[in-house]
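Residue strings, one per chain:
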Amino acid sequence: MRRLLVGLTAGSVLAAVTACGSSDPGGKDTAGSSGKATTVKVGIVPVLDVAPVYLGEKQGFYSDRGLELELVPAQGGAAIVPAVMSGQFQFGFSNTTSLLVARSKNVPVKAVANGAASTGRSGADFAAITVGKGSPLTSAKQLEGKKAAVNTLNNICDTSIRESVRKDGGDPSKVEFVEMPFDRMPAALDGGQVDAACTPEPALATVKAAGGKEIASNFHDVSPDLTVAMYFTSEQFAGENPELVKKFQEATAESLKYADSHPEEVRQILSTYTKIPATLLEKLTLPRYPAGPDRPSIERLAELGERDGLFEKAPDLDELLP
Amino acid sequence: MGVPPGRVTSRAWVRALLRLVFALALPAVLVAVWWAASAGSTNVYWPPLRTVFGVFPDVWTGERLRGDVLPSVLRLAAGYTAAAVAGVALGTVIGSWRAVRALCEPVLEFLRAVPPPVLVPVIMLFAGIGDTMKIAVIASGCVWPVLLNTVEGVRAVDPVLADTARSYGITGVARLRQVVLRSASPQIFAGLRQALSIGIILMVISEMFAASNGLGFTVVQFQRGFAIPDMWTGILLLGLLGFLLSVLFGLAERRVLGWYHGLRESGRRSP
Chain A
1 MRRLLVGLTA GSVLAAVTAC GSSDPGGKDT AGSSGKATTV KVGIVPVLDV
51 APVYLGEKQG FYSDRGLELE LVPAQGGAAI VPAVMSGQFQ FGFSNTTSLL
101 VARSKNVPVK AVANGAASTG RSGADFAAIT VGKGSPLTSA KQLEGKKAAV
151 NTLNNICDTS IRESVRKDGG DPSKVEFVEM PFDRMPAALD GGQVDAACTP
201 EPALATVKAA GGKEIASNFH DVSPDLTVAM YFTSEQFAGE NPELVKKFQE
251 ATAESLKYAD SHPEEVRQIL STYTKIPATL LEKLTLPRYP AGPDRPSIER
301 LAELGERDGL FEKAPDLDEL LP
Chain B
1 MGVPPGRVTS RAWVRALLRL VFALALPAVL VAVWWAASAG STNVYWPPLR
51 TVFGVFPDVW TGERLRGDVL PSVLRLAAGY TAAAVAGVAL GTVIGSWRAV
101 RALCEPVLEF LRAVPPPVLV PVIMLFAGIG DTMKIAVIAS GCVWPVLLNT
151 VEGVRAVDPV LADTARSYGI TGVARLRQVV LRSASPQIFA GLRQALSIGI
201 ILMVISEMFA ASNGLGFTVV QFQRGFAIPD MWTGILLLGL LGFLLSVLFG
251 LAERRVLGWY HGLRESGRRS P
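Protein sequences, first through last, are from chains A and B.
Its first residue numbered 1, the first sequence is counted upward by one per residue in the UniProt record's numbering.
Its first residue numbered 1, the second sequence is counted upward by one per residue in the UniProt record's numbering.
Hints listed in this document are in silico derivations from the structure and should not be mistaken for laboratory results.
Just so it is clear, CB atoms sit at the ideal spot from N, CA and C, and this is done for glycine as well.
Worth double-checking, as some hints may not be accurate.
[To be verified] Pairwise CB distance ranges, derived in the manner of DEER restraints:
| no. | chain 1 | residue 1 | chain 2 | residue 2 | range |
| --- | --- | --- | --- | --- | --- |
| 1 | B | SER246 | A | GLU240 | 43 to 51 Å |
| 2 | A | HIS262 | B | GLY239 | 31 to 39 Å |
| 3 | B | ARG255 | A | LYS105 | 29 to 37 Å |
| 4 | A | TYR273 | B | ARG66 | 40 to 48 Å |
| 5 | B | PRO115 | A | ALA291 | 52 to 60 Å |
| 6 | A | LYS105 | B | THR61 | 16 to 24 Å |
| 7 | A | GLU240 | B | ALA32 | 30 to 38 Å |
| 8 | B | ARG254 | A | GLY145 | 45 to 53 Å |
| 9 | A | LYS105 | B | PRO115 | 31 to 39 Å |
| 10 | A | LYS105 | B | GLY242 | 25 to 33 Å |
| 11 | A | GLY145 | B | ALA32 | 45 to 53 Å |
| 12 | B | ARG255 | A | LYS213 | 56 to 64 Å |
[Said to hold, decoys possible] Derived contacts from chain B toward chain A, CB cut-off under 7 Å, selection only:
| no. | residue |
| --- | --- |
| 13 | PRO27 |
| 14 | GLY128 |
| 15 | ILE129 |
| 16 | TYR168 |
| 17 | GLY225 |
| 18 | LEU244 |
The task is simple: from the sequences and hints, build the whole structure.
Following this line, the structure appears as structure tokens:
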């Protein structure tokens, strides 16, 4: 998630590549048959949510199945979705709302594995609505008429904040949303440029360290088991490489399970691919990494998306989910 | 000076018509090629041009023109004007005195080399996230071509002309207006023209940060929402806006620099 939420854009160059019908440069032929490892490129955003894949790679869950992972850090979904669609990456990582929006606009994305989920504990989730030090705001309802920072408008952050406000008895249409990257939110709260912010870790820990407080667990408010992000591929690739997709699914499920039961190792691996300071690492609230997506929570997210006008008609979840 | 207005001959009409044909021929061909090449496209990111044209009126309604295009254009106007005023003023000062020039040049070259988009986070710190920030971003990028061209233009004032003016007792504001700025104006306008295209680019970029309206903002929103045909209409509109502004600029330049173009024209005619 994180900067992946920053959005899903598409370049015309990539479009042209897709137009040529290029399939997979990752090589499907060697999968399983020759015993040689198949390299799969996975577009990720280097944040907490993707720790299980790094961990699984280290534990050999992928190589055991003949897959060699090439994790390609991307700025965000801006690059990942078109890259997966054009076959440059075989898999990508994206937040659930973006996938729902893509599917509703007939972009043939197909979720293949779970990513990360809400911790299921209100007030102790890996993301929260936070306010700066000394802010008079104490509950979601008070966001009426206030400015809230989200990393991407019309996405999972504002949809979930609206839900928090609604659950608290407020009118979500009165909240003003402003777009800015997560890492800039703590400073914006401090400087009073915004009144509240949608902050997942490590921005959440940064805000708290600076004296800020959380006033609601917005992901938890959508559903305690909210599937926040998933790995996906293109429908075309899934259709042509069912074996490879199955191996990736199994390996990822094993990685998620491992990560869920080894939080200390998750923290350790975070220091290898992020620049989160060691002092902050211990304070981070980790997401949960369930092996599979939670369908009811995704249905709820789709309902909210429809309600907030992210899409006119909620997409068919059978088409999207594995 | 120049051709007196009203003496438009039929030859001039033919020339104008021919220019129009020339101006429109290539765009027409390109649109036709695009239309034909994309007609059967099923690719999400590369919709048929027919579809793009089809959604255009639905996307760019009066409400959106007021809510997104107008704020963008106003910010561009504000930032560009600020850059033009500051650029010409500073440029005149720097260009007029050798010592000031020697003092400023290294710093100017340094500042000019810093691309304004990387300054956005910094500008955000002191200008906040509102319109001020966006105007500051536009101005900070547009000012350089104006400034540097003004410096060069002011430096290049014909010394004979300057001496003559001095001997006639033309000093102060009159000298500045009639001699310095007038003789530097062709270069100032060259700078202003360069700044115009930079301004449009920065208008879009500034609206990609912490914005809630504007053309750049809307196009990015369409991209993220996978509303790809809508996104293309935004790109087309940006292109049209750029074209329109350059036409307006051309008209303004023709008026202000009429004497100069006339001079060059007559210079060309009489060997």
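Structure-based check of all given hints:
no.: 1; hint: SER246(B) to GLU240(A): 43 to 51 Å; verdict: holds, 48 Å
no.: 2; hint: HIS262(A) to GLY239(B): 31 to 39 Å; verdict: violated, 53 Å
no.: 3; hint: ARG255(B) to LYS105(A): 29 to 37 Å; verdict: violated, 47 Å
no.: 4; hint: TYR273(A) to ARG66(B): 40 to 48 Å; verdict: holds, 46 Å
no.: 5; hint: PRO115(B) to ALA291(A): 52 to 60 Å; verdict: violated, 45 Å
no.: 6; hint: LYS105(A) to THR61(B): 16 to 24 Å; verdict: holds, 20 Å
no.: 7; hint: GLU240(A) to ALA32(B): 30 to 38 Å; verdict: holds, 36 Å
no.: 8; hint: ARG254(B) to GLY145(A): 45 to 53 Å; verdict: holds, 50 Å
no.: 9; hint: LYS105(A) to PRO115(B): 31 to 39 Å; verdict: holds, 33 Å
no.: 10; hint: LYS105(A) to GLY242(B): 25 to 33 Å; verdict: holds, 28 Å
no.: 11; hint: GLY145(A) to ALA32(B): 45 to 53 Å; verdict: holds, 52 Å
no.: 12; hint: ARG255(B) to LYS213(A): 56 to 64 Å; verdict: holds, 60 Å
no.: 13; hint: PRO27; verdict: violated, 18 Å
no.: 14; hint: GLY128; verdict: holds, 6 Å
no.: 15; hint: ILE129; verdict: holds, 5 Å
no.: 16; hint: TYR168; verdict: violated, 56 Å
no.: 17; hint: GLY225; verdict: holds, 6 Å
no.: 18; hint: LEU244; verdict: violated, 23 Å
Going down the numbered hints, you'll see the structure goes against 2, 3, 5, 13, 16, 18, while the others check out.
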